[in-house]
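Visitor: Listed here are the chains, written in short residue letters.
2 protein chains.
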Amino acid sequence: MKKIIIGLSIITLLASCKKETITNSSDSSETKTSTNLASWSDASKSRIETWVKEVTDSTSANFIPVADRIAVFDNDGTLWTEQPVLSTQFIFAIDNLKTLSKSNPDLLKDPVLKGVVNGDFEPLKKAGIPGILKLINTTHNNNQTETEFDDAVKKWMTTAKDTKFNKTYSELIYLPMVELLNYLRANQFKTFIVSGGGADFMRAFAEETYGIPPYQIIGSYGEAKYEIVDGKPIIRKISGAPFIDDKEGKPVAIHRFIGKVPVFCAGNSDGDQAMLQYTSGSKYKSFGMILHHTDSIREYAYDSKSYIGHLESALVEAKEKNWMVVDMKNDFKKIFSFQ
Amino acid sequence: MKKIIIGLSIITLLASCKKETITNSSDSSETKTSTNLASWSDASKSRIETWVKEVTDSTSANFIPVADRIAVFDNDGTLWTEQPVLSTQFIFAIDNLKTLSKSNPDLLKDPVLKGVVNGDFEPLKKAGIPGILKLINTTHNNNQTETEFDDAVKKWMTTAKDTKFNKTYSELIYLPMVELLNYLRANQFKTFIVSGGGADFMRAFAEETYGIPPYQIIGSYGEAKYEIVDGKPIIRKISGAPFIDDKEGKPVAIHRFIGKVPVFCAGNSDGDQAMLQYTSGSKYKSFGMILHHTDSIREYAYDSKSYIGHLESALVEAKEKNWMVVDMKNDFKKIFSFQ
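Chain order of the listed sequences is A and B. Residues 780 to 1118, numbered by the working numbering, are exactly what the first sequence covers, in order. Residues 780 to 1118, numbered by the working numbering, are exactly what the second sequence covers, in order.
The shape of chain A in the complex, shown without the other chains (with noise of 0.2 Å):
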C-alpha cells in the first residue's frame, strides 16, 4: 500500500505525467509456433526473421558480417517495466535510502531524503534537478565500493516487488523481448543494453535475466575513484557530474563503448530516438524496432500524454525511416513469462 502511495506521488510529483489509456482486452492468441519468436504474433515475427534471414545469408547483397552484427536495446520499457514511477531504480534509490538511514539517521536531517522516505515527495520537486542527485549521490555514489553496490542491488532484487502485479522486478522482463534477444544472438548478433538506467544498477543482474554481460551493458554513470584500503584495492563510487545516457547521449555512448554502428537497434520513447536515428546511418541494411505500449491490462498503455516514456516524435520518425512499431496488446501473445 506505502509503494502504491509512493507510486502515485511521484507521479504527481511529474507535472507532465499523464498516461494514455487505450482500451484493451486480453489476448487469446496464445498458440505456439516452434520458432524462438514464440510469443510474437506472425506478422511481426515474420518481419523480423525476414530481416535476419537476409543479413545472415552470405549470397545475399544485404549480407552483414558476424563482426558488425551489433544490436542495441533500451532497458526501461523495452526489455522490462518501467511504470509507474519514474523507473525501477528510482524506486530501489526510495528502498535503498531507507535502509541507509537506518544506520545513518542523519542523511534525514535533509529535508528531501526525509520526505523521499515518508512518501512527502513535495521537497524533492521543489529541489529540482539538484534534489534527484542529491538523492541519487546519497544512495548511488556514496563512496561505497562497486562490490558493495552491487550487492545492495542483487539482494534488493531479489526480495522488493512491484504495486500491480506483485512480482519482483526481474519477473518483469518482457517474454517476447528475452525471446529476441536469444533468437538474435543465436543469428551470432552481439546484443547490448544502451539506457538511461545506471550501468552499475542494471548490471547487477541483466547477466543472470538477460544473458548480457556487464561489458555489453553501457549505462548512465558517476564518478569513480581507486584505491587500496588495507592492502586490498577497490573502486569507490563518488559524486560527481555523471554521464547521461539518454537522447543525443545514446549515440555518443555507443561511439564509445561500442566503437561500431549498431545495424538493429529497438527502443520505446523518444528518448531512444537518436540511437534509432544512429543505427538507421549504418551503411548496412538495418533494423529500427519501437515498442508502443498499448495494453492497458497486461502491462500499461501510454505514448504521447505520459512523462514517463514519453514517446511522440519517434512515432513521427517511424514511419518516414521504416521502423517496426510493435503494439504490444496485440504483437505480444504474452508479455510477462507468468501471465
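Among these hints, one or two may not hold up.
As the list makes no split between identical chains, a pair holds if one copy fits it or if it spans any two.
[To be verified] Pairs of lysine to any residue residues, derived as SDA-like cross-links and limited to a Cα-Cα distance of at most 25 Å, are as follows:
| id | residue 1 | residue 2 |
| --- | --- | --- |
| 1 | K1084 | S837 |
| 2 | K1039 | V957 |
| 3 | K1098 | E1006 |
| 4 | K1026 | Q923 |
| 5 | K905 | S1018 |
| 6 | K1064 | D929 |
| 7 | K1039 | R1015 |
| 8 | K877 | E1002 |
| 9 | K946 | M936 |
| 10 | K881 | K940 |
| 11 | K1004 | G1028 |
| 12 | K934 | S1116 |
| 13 | K1039 | K1100 |
| 14 | K1004 | S1018 |
| 15 | K1064 | I1013 |
| 16 | K1039 | F1022 |
| 17 | K1062 | Q967 |
Hints are computed from structural coordinates only; laboratory data are not their basis.
Since chain A is already given, all that's left is putting chain B on it; use the hints.
Guide: The following block gives chain B in isolation, referenced to the frame of chain A:
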C-alpha cells in the same frame, strides 16, 4: 632520416628520458613446439599453461567460470612497440598534422604546431601539457567525424613505417603476445585492451591486428557530439576534457567499461601497476604479467631510466605479488613475426 630526427628530438624533449641499455645477443632458441605458445621459452610457457589449466578445470578449487574469465592487456609496450618516441600514436599525430596542414595552412600559424611539423619541438616543450593537448585536439578532436578519423588512421597504418625496422606499425606487434591472446581466447577468456592510447586510434586497427573487437578496446577518449547533417547521423570528435586511461585511471576504466574485476592482466610499465593490483584483488586465483624490455637488438631495452614505458615500482610489487616478469630477451624466442 627525418623520422629519426623527430624521434631524437622527442627524446630530448622528455627530460627524464634516459634509456637503460641492456647487453644483448641474438636469440638461438627458435625451436618450434606443438603448443599455441610456440614463441615462448619453456619455463614461461609452462607457468602460463599451468595457471590456465588449473582455472579452467571445473574440478579444481581454483576454477573460474567462463563468464568471469576477463583478461586485460596494455597495448603500448605490451602488445606492440612503443619506442623510440612517446608512442606510435604520437607519430601518427605528427604525420596527420602534416596532412591536415596541406589543406589548412593556417594551422601552422600556431608556433607549437609549426614547430612539430618542422621537427622543432622546442615550442611544444615550452608549452607543456597545453601544447600536447593542442596537438591532440588539432589532429584527433577537430570536429572530424568518427568515420573520417577511422579512415585516416587505417590509411596511415598501411603506409607509415618505423625508423628502426622499416616496418609498418602493425608489423611491430609481439608474436608471443598474439599467441597468448589466441591461447587465452581458445580457453574461453575474453581479451580486452586497456591502454593509455586513444580508444578510437586503437579501434581502427586492433580488430584486424589482434582479433580484438572495438567494444573490447578501452583507451583514453575525448568528447563526442551527435548531430544530423544533410539527413545523415554522425558522431563528431570534439575537444574537451579527455579521460586518461593510465595509472589509477585503468581500474576506473575497467569498472566503467567492463564491470568485472579481471583475472588476468599484462602490462609493461608503472602505468599498468594499478590494474595489475586490481587484478590481484580478484576473488579468483589471478595472473599478473609484466613484460620487461631487455632486448636492445631485436627490439629495445629500457625500464627504470626510461620516460617511455617507465618500469620501476611495478617491478618491485611484482616480487611481492608473484607477478610473472617476462624477460623479453630470454623468454621470447621471437619478438616479431618477421624476425
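Visitor: Now, for every hint given, state plainly whether the structure supports it.
Guide: Evaluation of the provided hints:
no.: 1; hint: K1084 to S837; in the structure: neither (44 Å within a copy, 54 Å between copies)
no.: 2; hint: K1039 to V957; in the structure: both (23 Å within a copy, 23 Å between copies)
no.: 3; hint: K1098 to E1006; in the structure: between (51 Å within a copy, 20 Å between copies)
no.: 4; hint: K1026 to Q923; in the structure: between (29 Å within a copy, 21 Å between copies)
no.: 5; hint: K905 to S1018; in the structure: within (22 Å within a copy, 35 Å between copies)
no.: 6; hint: K1064 to D929; in the structure: between (38 Å within a copy, 21 Å between copies)
no.: 7; hint: K1039 to R1015; in the structure: between (30 Å within a copy, 14 Å between copies)
no.: 8; hint: K877 to E1002; in the structure: within (23 Å within a copy, 37 Å between copies)
no.: 9; hint: K946 to M936; in the structure: within (10 Å within a copy, 54 Å between copies)
no.: 10; hint: K881 to K940; in the structure: within (21 Å within a copy, 64 Å between copies)
no.: 11; hint: K1004 to G1028; in the structure: both (23 Å within a copy, 8 Å between copies)
no.: 12; hint: K934 to S1116; in the structure: within (22 Å within a copy, 51 Å between copies)
no.: 13; hint: K1039 to K1100; in the structure: within (20 Å within a copy, 38 Å between copies)
no.: 14; hint: K1004 to S1018; in the structure: both (10 Å within a copy, 24 Å between copies)
no.: 15; hint: K1064 to I1013; in the structure: between (44 Å within a copy, 17 Å between copies)
no.: 16; hint: K1039 to F1022; in the structure: both (20 Å within a copy, 20 Å between copies)
no.: 17; hint: K1062 to Q967; in the structure: within (19 Å within a copy, 31 Å between copies)
Violated hint for the displayed structure: number 1, the only one.
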